[in-house]
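Protein sequence lines correspond, in order, to chains W and Y. Sequential numbering from 19 applies to the first sequence in my numbering. Sequential numbering from 118 applies to the second sequence in my numbering.
Hints are computed from structural coordinates only; laboratory data are not their basis. Keep in mind the model is a prediction, meaning the values are calculated, not measured. Hints are supplied without guarantee of correctness; some may be wrong.
[Stated by the list, open to error] Only pairs whose alpha carbons sit at most 25 Å apart, straight line, appear in this in silico SDA-like list of lysine to any residue:
hint, chain 1, residue 1, chain 2, residue 2
1, Y, K206, W, D50
2, Y, K206, W, H78
3, Y, K786, Y, L843
4, Y, K821, Y, L843
5, Y, K212, Y, A148
6, Y, K212, W, R51
7, Y, K206, W, E113
8, Y, K761, Y, E771
9, Y, K206, W, V110
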Amino acid sequence: LKPLAAKPSTKAPSPAAKPAARQAAITAPPDDRARERRRAGRLAALFLVGVTAWCGPLVHVASRRETLFGLPLVFLYLFASWATLIVLLARVLREPREPRAD
Amino acid sequence: MLAPATLVAIALAYVGVLFVIAWLGDRRAAAGRRPLAHPWIYSLSLAVYCTAWTFYGSVGRAASDGYGFLPVYLGPTLGCALGWVVYRKILRVAKAERVVSIADFVAARYGKSTGLGAVTTIFLVVGTVPYLALQLKAVSSSFLVLWQETRFEPMAADQLSLVCAALLALFAILFGTRSVDLTDQHAGLVLAIAFESLVKLVAFLALGVFVVWGLYAGPADLFARAAERPELVALMSRADTGEGAWFGITLISLFAFWFLPRQFQVAVVENVDERHLRTSSWLLPLYLLVINAFVLPIALAGRLAGGNAAADTFVLSLPLASGHQGLAVLVFIGGLSAATGMIIVESLALSNMVANDLVLPLLLRRTGPEGAYRFPLLISRRLAIAGVVLLGHLYAVSVAGGASLVTIGLISFAALAQLAPAVLGGIYWAGATRKGAFAGILGGALVWAYTLPLPTLAGGPLLSANFVEQGPFGIDVLRPYGLFGLTGVDPLSHSLLWSLLTNLLLFVGVSSISRQSPVEERQARRFVGALQRNAVAEVPAWRSDTPLAAVRGLLGRFVGEDRADRALGAWAEERGVDLERERYADPELLSFAERLLAGTTGAASAHVALASVASEHVLEVGEVVDLLDETSRVLAASRDLEEKSHELEAATDELRRVNERLQELDRRKDDFLSTMAHELRTPLTSIRAFAEILHDNPDLGLEKRTEFLGIISRENDRLTRLIHGLLDLAKLEADGPIDREGAIDPADPSRAVAIDEVLDEAVASTRQLALARGIDVVRAPHAGPAGEGAPIVAGDRDRLMQVVLNLVSNALRHCPEQTGRVTLHAERVSTGVRFGVSDNGAGVPAAERERIFERFRQLPREGGVRVEGAGLGLAISRRIVEQHGGRIWVEEAAGGGAAFLVELPAWDLITPTAEGPIPVGETA
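Just chain W, with the same shape it has in the complex:
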């Protein structure tokens, strides 16, 4: 008989492997906490999108003499990106729908 000991299993993740994750699962926040955290992440992302769109090289690139639909390119770029950001903000900040009755 071959010795049977210490043959590390690769199947089925060992429960000892991730005590931190398990801990987190135990104290997992209820739905609304998780949703708020997701929302905060998205808002931070939108903030960064705004910073990138207006304070980075992009606005410089758009600063050209060409026009589009009769409007200066940079005019269109600034106001269109602004409007897009507002729409996204409104979407992310929408009131949560009433929980389904079940």
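Chain W is already provided as a structure; the job is to place chain Y on it using the hints.
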């Protein structure tokens, strides 16, 4: 033509409408309706951000600088993106602490410090009064523009400004100082502000539509006309403008949107529902976008129209030039609304700070609460409003000269940015200290003052013009626009860079080396942990030996008897306490009283006032120990839990391993059984077949009969060997390893086995048999140096003999007849005793060297014939060797063939006392 009197009457009528709206709003609020319940009203009131600067100044800036006006509105949009995350925390803290102004917020966070509150207030007044003055100036100059057109003798601008100031101060006093408790919302005032936001939006949009579609045939036409003028092409395309202060303005506009006194007033103090922030975070940016969409077109149209009108008044001169007086009046009212909204809220916010953070602390320090009460807060606030507005008026008529609306506004914004480290650090960094905040704000403010507003005074009576060019006293590195040689940056970015750097460095640096007082520490915890659900258990802030009557008296004087009684009653009811029976106020009640006071006097003054009747709680050693005990108990409990969880995990792991091992064993058992059944059946089948032949053919010849019986006998032998082998193996499997510690008694010489003897015996017993087949079995001499210790091992002599015999007979079977040679050898090695049996047969292929030790594993001989033997010998041998704590393996022998080697622990290494230790180096 509009007579001046008509215009004044229109303006007065407009302000009258504001009074009516505010009055109606307050009445509704008094009737228990909630006029501020709708989030759109909150969002519109936030648009007080858009002042005369937006209304007149943006167009002026766009006319000379293209898109330079825009970052002022992109910044707040970014601020709104973070509003729900960052500003909500500020809002939450402010509500919990009953904070009534931004200065109060800073003071409350940093240990309810009166000094910090006072410094912040002074700085904010200095930083924003010019901005307020500019609004007054904008109103009076808009009057003048309209009058110039009507060719009437203009009333003096100074008088106009004064009338405006007086009216607006009256409005702020009437609707902003109705209640002594500042956390009460001023519903009427906020409604009026929201209405003003609507008016200025409508007025500006009307003008925009008129310019784009009335004067021109749509935006494409306007832009195409402008494109014919080279100097306007650059404005439109932004191609020739550098980045300039674009980034810096975006940043300070964000901070200004959060921390401007008037923004804090409408966004935090007047907020009735935290969720309104959710709507305002997209509605306000939308408002800003809409009101800014026509700025550039109007500016271009103004430039195209030529004329000598100042760019700041394009919005008025454009409709007037084309004869649309009605529109001009509408725009005038829009500008009026933008300016008045700002003046009202700003003066209200500033007056609250001045009254609470400057005047009241002074009174408290000088005369105690008695004296402070003699100078009622409401009076103090009303005077402060009048004072602030008057200050603005004086600034407007005396100092504010050529600087444009936007320049002064931006200087003000840069001042506001100095609050950012202290406020944001205050809600996210518990380690920020009062001294750090003090140093940061003071340092930042000084650098700001030196690099922005001071140079604007150069060339005046106070400062020589050389100040800007050559630095003070000709010191070049101190030039206010090129501090320490930093040049090539616009003055705003330059100032921001130095002031914010100084501010941040001092804030973080001093915070790191200074310590917090207990009050600071408590406030830091409350502010930083504001969004957490469970408040940390707190050390009581006050001692419980304060007479209740004294607290009641103090509250009654500052907050009013009725209000104090109601608040205390509600508090007692909630807690189930009968206040009539209590003689002393407990610490919780004192903390409640402090917060109640704070809503009226601000946190710092509330603390001072309460401290005049109650004594602050000082932590004593015993309490600290108790606290630590509690904490360590909780910690220990959580540690226990964690340990238990780890133990469980370990147990689960162990169980899983055992289960896997059991399954493996089960599988091996099945394999073994099927193989064994097969092995047993082969000889049985053979025996049975030949027995049947013999049985069925009685007349078989003797020769054949003898041959068949011989086969039956051989197969029978094989069967017997097989069964013996299996029994052996089964017995070995049943035994555990020989316990070397216990089973081998060093004093029991019978356990010491001399390998030499075993090998000699094996040679003797097999030699004759082998010689019959022409195979020679010999002993090789010791390989090691002479005189070394004899190879002696600990163990069971019979078992080891069995191993050697197995190996020899195995070798014999694989040796060629006549030329075969089997060699036995043994020697000491550093790790123990090694012995082996080599042959000159075909050898074992490398791939098979591990597997031949498995049961029933046999090497096919040439031609695929199975060799005689049960296929168990090597399995048994390995088992025995392992039980002795050794190992067995096969190598290629020196002259080809196989060399089976066994290594066992030496007797003297296990039991050093038996023969004395043998140094390893010598024996190797």
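Structure-based check of all given hints:
1. Y/K206 to W/D50: It holds: about 17 Å lies between the C-alpha atoms, which stays within 25 Å.
2. Y/K206 to W/H78: violated (35 Å)
3. Y/K786 to Y/L843: holds (13 Å)
4. Y/K821 to Y/L843: violated (33 Å)
5. Y/K212 to Y/A148: holds (24 Å)
6. Y/K212 to W/R51: Judged against 25 Å, a Cα distance of about 21 Å means the pair holds.
7. Y/K206 to W/E113: With a Cα-Cα distance of about 19 Å, the restraint between Y/K206 and W/E113 holds, given a limit of 25 Å.
8. Y/K761 to Y/E771: holds (15 Å)
9. Y/K206 to W/V110: Answer holds: Y/K206 to W/V110 is near 18 Å, not above 25 Å.
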